[in-house]
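Q: If you want the building blocks of each chain, they are given just below.
There are 4 protein chains.
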Amino acid sequence: MPASPPDTPLRYAYLGPAGTFTEEALRQVASPEEAGYLPQTDVGSAIAAVRAGEADRAVVAIESTVEGGVTATLDSLATGDPLVIVREVLVPVQFTLVAPRGVRLADVRRVSAHPHAWVQCRRWLATHLPGAVHVPATSNTAPAALLAESGGAGARLAFDAALVPPAAVGTYGLAPLAQDVADNPSALTRFVVVAPPGAVPPPTGADKTTLVVHLPDNEAGALLAMLEQFAVRGVNLSRIESRPIGDALGRYSFSIDAEGHVTDERVGEALMGLHRRCPYVRFLGSYPRADAVEPLVHVGTADADFVEARAWLARLRGGDTA
Amino acid sequence: MPASPPDTPLRYAYLGPAGTFTEEALRQVASPEEAGYLPQTDVGSAIAAVRAGEADRAVVAIESTVEGGVTATLDSLATGDPLVIVREVLVPVQFTLVAPRGVRLADVRRVSAHPHAWVQCRRWLATHLPGAVHVPATSNTAPAALLAESGGAGARLAFDAALVPPAAVGTYGLAPLAQDVADNPSALTRFVVVAPPGAVPPPTGADKTTLVVHLPDNEAGALLAMLEQFAVRGVNLSRIESRPIGDALGRYSFSIDAEGHVTDERVGEALMGLHRRCPYVRFLGSYPRADAVEPLVHVGTADADFVEARAWLARLRGGDTA
Amino acid sequence: MPASPPDTPLRYAYLGPAGTFTEEALRQVASPEEAGYLPQTDVGSAIAAVRAGEADRAVVAIESTVEGGVTATLDSLATGDPLVIVREVLVPVQFTLVAPRGVRLADVRRVSAHPHAWVQCRRWLATHLPGAVHVPATSNTAPAALLAESGGAGARLAFDAALVPPAAVGTYGLAPLAQDVADNPSALTRFVVVAPPGAVPPPTGADKTTLVVHLPDNEAGALLAMLEQFAVRGVNLSRIESRPIGDALGRYSFSIDAEGHVTDERVGEALMGLHRRCPYVRFLGSYPRADAVEPLVHVGTADADFVEARAWLARLRGGDTA
Amino acid sequence: MPASPPDTPLRYAYLGPAGTFTEEALRQVASPEEAGYLPQTDVGSAIAAVRAGEADRAVVAIESTVEGGVTATLDSLATGDPLVIVREVLVPVQFTLVAPRGVRLADVRRVSAHPHAWVQCRRWLATHLPGAVHVPATSNTAPAALLAESGGAGARLAFDAALVPPAAVGTYGLAPLAQDVADNPSALTRFVVVAPPGAVPPPTGADKTTLVVHLPDNEAGALLAMLEQFAVRGVNLSRIESRPIGDALGRYSFSIDAEGHVTDERVGEALMGLHRRCPYVRFLGSYPRADAVEPLVHVGTADADFVEARAWLARLRGGDTA
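Top to bottom, those sequences are chains A, B, C and D.
Reminder that position 25 of the first sequence reads as 26 in the working numbering, one-by-one numbering, no gaps.
Reminder that position 224 of the second sequence reads as 225 in the working numbering, one-by-one numbering, no gaps.
Reminder that position 293 of the third sequence reads as 294 in the working numbering, one-by-one numbering, no gaps.
Reminder that position 41 of the fourth sequence reads as 42 in the working numbering, one-by-one numbering, no gaps.
None of these hints come from the bench; they were simulated from the model.
Fair warning: there could be bad hints in the mix.
Unchecked claim - Sample of chain C residues at the chain B side, in silico, Cβ under 10 Å: (1) Asp184; (2) Leu285; (3) Asp321.
As the list claims (entries may be wrong) - Listing some non-contacts, in silico: residues in chain D with all C-beta distances to chain A over 12 Å: (4) Ala19; (5) Ala36; (6) Ala133; (7) Pro137; (8) Ala159; (9) Leu189; (10) Leu275; (11) Glu295.
Unchecked claim - Which residues of chain C face chain B? A partial, calculated answer using Cβ under 8 Å: (12) Ala79; (13) Gly81; (14) Val85; (15) Pro203; (16) Thr205; (17) Glu229; (18) Val263; (19) Thr264; (20) His276; (21) Arg277; (22) Gly301; (23) Asp306; (24) Trp313; (25) Leu314.
Built from N, CA and C at the ideal position, the CB exists for glycine as well.
Construct all of the structure, not just a fragment, from the sequences and the given hints.
A: This is the structure in structure tokens:
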């Protein structure tokens with residue numbers, strides 16, 4: 002694993018350029034003064050940069066309140082060289098509609114937007130720009146950059162307006178037509194910081210563990226049995242998403258966030274249960290929850306309960322059955 | 002419900018234009034001679050056309066072996082005015098790389114492709130066009146149409162080549178640079194035919210029932226309890242996908258295909274169980290399976306078993322406890 | 002079914018003679034003035050009297066806090082001609098040690114007691130009569146009767162003292178050596194009133210339903226599956242006891258008390274589920290709980306929820322899927 | 002723990018006297034030449050003798066195909082000073098009806114029998130001695146001994162005939178009136194050899210583990226959860242019996258035989274799960290099955306699977322997440 006020497010600032014690959022939500026997430030992790038910012042054109046490239054040793058970390062969106070799991074992230078982490086998540090960051094999601102100088106809302110016919118941005122503003126667009134056509138952008142800031150390059154005049158652009166993150170308005174010196182146009186004012190995107198395999202961050206008491214699990218077969222019973230591996234040890238799940246394995250309809254991989262840390266006894270035993278019964282389990286890291294919410298620990302599932310039970314079993318096996 | 006009179010051919014809204022996979026799916030349902038083909042620019046518009054009474058049916062992709070559930074379809078059917086699925090159709094998925102006259106594979110830098118197409122050819126692209134940049138298209142055939150409009154010369158196009166369905170090559174008179182470039186040669190997309198609410202197609206013995214279910218709360222236990230509603234009546238699931246409800250991280254809606262027909266006793270009782278325990282259940286139709294595979298009926302879960310048990314209970318309640 | 006005409010007092014078979022706990026239970030049901038008391042020598046005979054039409058009801062012990070299920074009752078009801086439980090009665094269990102005139106506690110070597118009485122006073126006996134030998138009696142009052150017959154002199158009796166119900170002390174004019182000698186001062190015995198099959202008592206809102214269920218096979222999984230038939234409909238169990246079926250080791254019949262009445266929707270559906278999946282289900286009646294405790298009704302399992310779900314399903318099946 | 006020195010024959014306490022089924026069981030374990038036979042008047046005394054150090058082992062009936070669990074044995078082992086089962090033995094159960102000289106079947110009015118014997122011959126008695134009265138005996142051989150003492154004349158006996166084990170006929174020189182009168186010709190009784198706590202017999206590959214488990218609370222859900230502790234580790238149960246805890250109606254202790262040995266990984270983890278979640282778990286030993294049937298080991302539950310999973314988890318925790 003190629004790594005930066007201790008004194009070197011860590012290099013972060015992320016979906017750039019300046020002004021993206023991902024950059025906002027990265028700023029929560031490390032300022033540009035204390036880290037290397039390596040903008041990438043897509044999530045896959047950011048993750049690949051870590052696998053190739055060209056970056057020390059990648060910051061990538063993994064889930065949004067509106068769209069759910071980010072396919073590209075989930076799939077990139079689920080297969081290929083192993084990586085682990087070492088941190089999560091939450092970023093509120095809002096959008097500003099921007100346009101070249103002189104364009105009024107009533108003039109807007111074609112709106113450039115990343116597909117996720119488009120979806121998150123659907124109701125606002127239907128109300129205020131009912132006939133507008135979607136011009137897909139490869140990122141939230143790509144249309145902002147094109148607008149800036151056009152000198153704000155808008156000539157020869159393929160669109161009349163664009164949905165961009167609020168941070169991009171200042172970065173690119175744009176003119177807002179409408180602010181806070183996202184349909185869900187409490188929308189969040191969850192980002193994760195991805196690192197090469199190695200030491201897991203120590204438990205904080207409010208942690209998550211992310212896993213990829215394939216089911217042993219095709220039946221509802223297999224999903225039930227998998228969930229029971231968690232339930233019987235008192236481990237709650239905060240996220241479960243199915244993804245097709247890709248070889249046939251009806252075969253699923255599950256992407257799971259479990260409450261707790263791999264060093265927690267109950268999480269460790271649940272993981273071992275999955276490892277024994279499921280054809281494929283990938284550990285994608287244990288890391289502090291951004292919301293710092295501690296899990297509800299059910300009766301008999303605290304670490305001390307496991308330790309005590311193990312000592313009891315050892316006594317029984319050693320002949321001390323009194 | 003606005004409906005066509007009996008002698009009028011049914012009008013099908015679908016993701017057009019000519020040459021799309023969706024058109025291939027539609028051709029399995031009705032030829033252009035016997036039905037009205039109403040191409041739409043996106044899945045949402047196709048579904049909206051049925052809701053508005055402008056079409057009698059919509060043909061939309063719902064799931065692919067590579068990408069999993071089609072978000073736009075799942076979300077459009079899960080909310081808004083009720084619609085039902087009346088049929089499913091399977092279409093093999095392949096792609097051809099096409100380009101303007103004179104462009105050689107070595108020249109290709111920018112590839113236009115619908116995001117799903119791009120994902121399905123990722124490995125081929127990484128091998129044969131390692132530095133190629135993705136130019137997102139709104140449909141699989143949009144770049145084919147642009148190529149055709151450009152007279153095959155390619156001047157002023159934003160891309161050098163495009164991934165298109167094999168059917169589009171002939172339709173638009175294009176020149177293939179490479180064929181069968183999808184990474185998974187057995188990839189399939191599953192399409193459904195969507196209709197206004199009304200009579201459910203009669204059971205065939207090999208049917209599916211599609212549902213949207215919200216869980217009563219946020220815990221692993223709630224998903225287990227929901228799956229037990231099926232398991233205890235011997236109903237298998239052929240697809241289960243989580244989708245965020247959209248109001249907060251960690252709240253999920255489940256999109257489910259259950260084996261069997263709403264008129265099957267075991268399916269009916271499972272549905273009633275969900276209806277009683279879950280805050281939201283939407284019935285999205287019972288329809289014949291495209292693969293005609295009959296479900297495994299577990300002991301005690303055939304219709305006759307339910308009928309017999311109901312008669313027994315009626316006798317008990319009537320005082321005939323002997 | 003032989004039945005008494007309406008104006009005739011009901012005839013109750015019970016484990017006699019006068020002074021038994023069973024008689025105490027019967028007195029809670031009907032006084033000797035308003036009913037026929039038909040004392041029997043054992044539980045099997047009391048139940049047989051109802052089957053033969055010689056009695057209208059039997060009052061029999063079914064469960065005690067100390068000994069658990071009463072084997073003879075459970076087995077007699079589980080097989081043979083069908084009968085139903087129509088009522089339950091709780092009787093506190095205490096014992097008095099009685100002896101012939103002149104016998105002091107220090108003289109007691111042989112104690113006559115029904116085996117259940119012996120067990121319930123084990124600790125007291127170990128403390129106060131450590132070397133005493135058990136002389137088994139066929140009923141709690143048999144030794145009281147022998148004492149009374151002996152004129153209180155005790156000559157030629159095979160025992161020096163006897164454990165008898167408090168009610169027998171006065172009935173037989175005996176002399177108490179020690180009172181309240183049962184180890185558990187809150188011990189109760191639960192009696193049931195058994196009738197020929199026929200109309201089930203109407204629901205009161207605080208009812209029990211008693212069942213006998215055989216499992217489909219020999220595995221832990223079968224018991225789990227049986228319990229899930231109750232759990233998935235929100236039906237709690239207040240008693241579950243295994244009894245060997247008798248044809249091989251490891252084959253069990255389960256005697257179950259479920260909370261609720263056969264006319265409750267959730268109980269009815271659970272019963273139908275058992276009837277479909279288990280090789281044998283016998284309904285032994287629904288009747289008011291002696292303690293009048295109403296069941297906790299879980300969300301979605303009230304009668305109205307079932308009725309509403311059934312109406313919803315009927316609408317779906319009728320084509321009203323909107 | 003008082004123990005015999007190595008060269009001293011082991012002393013076995015058992016339900017005597019000569020001729021009992023228990024003695025038949027003991028003979029399978031050790032002949033009178035190689036062991037001390039210490040007959041006791043009841044099961045409780047046999048077990049107490051081991052607790053007191055007066056015997057090295059007790060041989061006691063624990064379960065019969067007809068009566069199910071033997072209450073006295075189950076209760077004695079479940080509470081009090083700890084003991085463990087080290088072996089099990091199966092004995093076929095038959096009965097012979099014996100009588101004093103000159104008594105004919107038609108003369109028999111009163112039949113002495115241990116209550117279990119009476120139950121096991123109920124149908125035969127109903128057919129051949131329909132009016133016969135049960136005179137309870139404290140053991141199967143007690144009436145045989147009384148008959149022998151009476152010199153075979155039967156004068157002053159409280160009974161006309163007795164049900165005794167076939168072995169007692171020769172031992173006591175009795176005259177059979179009828180042989181093989183048990184209703185179930187394949188009836189078996191299972192005996193166990195009980196020892197002071199200490200080294201558990203080594204695993205043979207076909208073992209049982211006996212447990213006493215109290216449930217955390219009073220609900221059906223608690224029993225389900227307890228059974229899942231076994232099911233999730235792939236441990237089957239060959240016996241499960243409920244016994245009232247004795248402090249209130251509706252509180253149960255479960256007596257369980259699990260397939261496998263305490264040193265099996267899957268059994269050990271299930272035991273630890275019970276220990277963590279249940280208010281009371283008593284280990285009553287792991288010992289070879291008398292029938293030598295090996296358990297079905299489910300996928301992922303062999304010892305090697307647990308060892309491998311533990312190594313995998315240790316690697317994850319050590320930072321080797323690749």
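Q: Under the constraints set out in the numbered hints, which ones does this structure not fulfil?
A: 1, 10, 12, 13, 15 and 16
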